[in-house]
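Chains as they are written, first to last, in full-length UniProt numbering: chain L, 1 to 168; chain U, 1 to 168; chain F, 1 to 168.
There are no misleading hints in this set.
Beta-carbon label-pair distances, calculated as ranges:
| # | chain 1 | residue 1 | chain 2 | residue 2 | range |
| --- | --- | --- | --- | --- | --- |
| 1 | U | ASP56 | F | GLU80 | 41 to 49 Å |
| 2 | U | PRO34 | F | SER48 | 26 to 34 Å |
| 3 | L | VAL81 | U | GLY12 | 35 to 43 Å |
Calculated from the structure, these hints are not laboratory results.
From a predicted model like this one, the values you see are computed outputs, not experimental measurements.
All C-beta atoms, glycine included, are put in the ideal place defined by N, C-alpha and C.
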Amino acid sequence: MPLVRIDALPAGTDRLDALGRAVHDALVETIDIPPNDLFQVLTSHDGSTSTLRYADFLDVPRDDDVVFVAITMRAGRPPEVKQAMYRRISELVEKYAGTDPRNVLVTVTENASPDWSFGHGLAQYLQSVGSLERPSMARGSAELLAEDLLDGGCGDRVVAGAGLREDL
Amino acid sequence: MPLVRIDALPAGTDRLDALGRAVHDALVETIDIPPNDLFQVLTSHDGSTSTLRYADFLDVPRDDDVVFVAITMRAGRPPEVKQAMYRRISELVEKYAGTDPRNVLVTVTENASPDWSFGHGLAQYLQSVGSLERPSMARGSAELLAEDLLDGGCGDRVVAGAGLREDL
Amino acid sequence: MPLVRIDALPAGTDRLDALGRAVHDALVETIDIPPNDLFQVLTSHDGSTSTLRYADFLDVPRDDDVVFVAITMRAGRPPEVKQAMYRRISELVEKYAGTDPRNVLVTVTENASPDWSFGHGLAQYLQSVGSLERPSMARGSAELLAEDLLDGGCGDRVVAGAGLREDL
Numbered sequence: 001m002p003l004v005r006i007d008a009l010p011a012g013t014d015r016l017d018a019l020g021r022a023v024h025d026a027l028v029e030t031i032d033i034p035p036n037d038l039f040q041v042l043t044s045h046d047g048s049t050s051t052l053r054y055a056d057f058l059d060v061p062r063d064d065d066v067v068f069v070a071i072t073m074r075a076g077r078p079p080e081v082k083q084a085m086y087r088r089i090s091e092l093v094e095k096y097a098g099t100d101p102r103n104v105l106v107t108v109t110e111n112a113s114p115d116w117s118f119g120h121g122l123a124q125y126l127q128s129v130g131s132l133e134r135p136s137m138a139r140g141s142a143e144l145l146a147e148d149l150l151d152g153g154c155g156d157r158v159v160a161g162a163g164l165r166e167d168l
Numbered sequence: 001m002p003l004v005r006i007d008a009l010p011a012g013t014d015r016l017d018a019l020g021r022a023v024h025d026a027l028v029e030t031i032d033i034p035p036n037d038l039f040q041v042l043t044s045h046d047g048s049t050s051t052l053r054y055a056d057f058l059d060v061p062r063d064d065d066v067v068f069v070a071i072t073m074r075a076g077r078p079p080e081v082k083q084a085m086y087r088r089i090s091e092l093v094e095k096y097a098g099t100d101p102r103n104v105l106v107t108v109t110e111n112a113s114p115d116w117s118f119g120h121g122l123a124q125y126l127q128s129v130g131s132l133e134r135p136s137m138a139r140g141s142a143e144l145l146a147e148d149l150l151d152g153g154c155g156d157r158v159v160a161g162a163g164l165r166e167d168l
Numbered sequence: 001m002p003l004v005r006i007d008a009l010p011a012g013t014d015r016l017d018a019l020g021r022a023v024h025d026a027l028v029e030t031i032d033i034p035p036n037d038l039f040q041v042l043t044s045h046d047g048s049t050s051t052l053r054y055a056d057f058l059d060v061p062r063d064d065d066v067v068f069v070a071i072t073m074r075a076g077r078p079p080e081v082k083q084a085m086y087r088r089i090s091e092l093v094e095k096y097a098g099t100d101p102r103n104v105l106v107t108v109t110e111n112a113s114p115d116w117s118f119g120h121g122l123a124q125y126l127q128s129v130g131s132l133e134r135p136s137m138a139r140g141s142a143e144l145l146a147e148d149l150l151d152g153g154c155g156d157r158v159v160a161g162a163g164l165r166e167d168l
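Extracted from the complex, chain L is given alone in its bound form (with noise of 0.2 Å):
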C-alpha cells in the first residue's frame, strides 16, 4: 500500500536501487506491510533538468547526497511507529546506498481505505471475503469504512491476505 516517492540528485542505478531497498526494507520491518507490498518511484535529478533544492532547516548540514522520501500510506499508525521508521530508513539508507541521516527527509501524508486499487480496477480494501462471488453476503463500504477508523487503517496484511484469495 504505501505508494514511495524517492527524489536524490545524480545518482547510479546502484545507488537509486539501494535507496528503494532501504526504504522498503524499513517500512516491512516497521509499519507491518508484507514484503510484496511495493510501489516505488525512484528519480534520480541531473541537477539541469530537473533537480532538489534544500537548506539547512533545522540546523541540519545537508548535501548533494541528500535524499526526499514521500509516502503516501493508510491513516492510523501512531507517532512512535512512525518515529521507529524514520529511523530505521535512516539506519539502512546509510547501510545499503553510504548516505548520511543527516541527509534523509521523509514525509507522510496519509489517506483512507476507499483511497486504493491495487489492480482489477477494485477497491481491494473495500472488498471483503467473497464479495465478488456472492454479493448478498458483501458487507456496505459504509461498514468497511468504519471498521477502517476503528482499526486505524492497519493491519493491512491481514486484511489484504483476507481479500485476496477469493477477491482476485
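Starting from the structure of chain L, add chains U and F where the hints point.
Then chains U and F, alone, in the frame of chain L:
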C-alpha cells in the same frame, strides 16, 4: 481540480498520451468534473535514471506495463464513486493503451476547497459570485468552508461554473 | 517543512531556478517559515518522455508556460493565509520567471507533526527541548500531538528553533 500524476516505465509519447486520456475520460465520467478540468503530470521512467519498483501485492501479477496513478482531489466522494472511478480507469487504460487492468495502481489523496488555486493567484473555490467586484457581498471563507464540508467538496461543476463568470 | 514539487514544460536551468525562488520566497513571506526551510523538487518536462497536460478550466487561458506547484505542509493555515500565499506565489513567479499568473496552478496537501523527519532519523516536530539528552523530561508524543491540534500545526519557526539547539 484533480491533479493527476501518472508514472509508467519506458513508454513512447503515444502510450503516455493514451494513459493520460484514459484516466481523464474516466474521471470526467465518474467523479463529475468538466472535461476542461485537466491537470496531469505524465512521466515515462527510463528504468535507470528513474524507475518504478513493484511486486505482486495481493497476488496481482504485475509486469513492466505497470502504471501508477496518483490523484489529488477535494474530499467528499463516497467509496462507491471511487470504486466506479477505479473500474472505469482500468477499463479505459486497457482500451486506449492496451494495458492490462492488473497493472494499474491508483491512489487518491484528498484536500479541501482552500487548497486550490487555478491561476491568477486566486483560491477560486473560496470565491463567491461577484466577490471580487462587490466585496461587501462576498461571503466569508468560513461560510464557504462549512458549505464545502456539507456538500462533501463535490459538485465542482456547479461551484466552478458559478464562480467563473464573474470572478475571472 | 513544506515539501514543494514544481513541474514545468521545457525550462532552462534559469527558469527552473527562478520558479523555485519565487515559490520559496512567497512561502517565507506568507506562511511563516524560516528561509532555510527549503525542500523542493523542480522538474522540467521535455514534452515527450514526460509532459504536462492542461486545459482552460474556469476559462483560464493556459499555455505551455504552465507551472504546477504542489505543496505538502502541516495542517492549520487558515484559508485567508492560503489565499495570500497563492497571490504572492503568482506575483513572484511573474516577477522572477516572467510567467503570467494565469499559468500558475497551486495545490496544497496537508499532514501533521508526526509526518515529518528532517534528517538523523528523528521526528523533529515531536521532539521537545532536551528530549534526547534527558529522556525523563521528554513530553509524550500524545501531548505534543494535542498541542499541534490546538495550535493548528503552525508556528514552525518556534517549534523548530526550540527543538534544534539541543536535539541536533
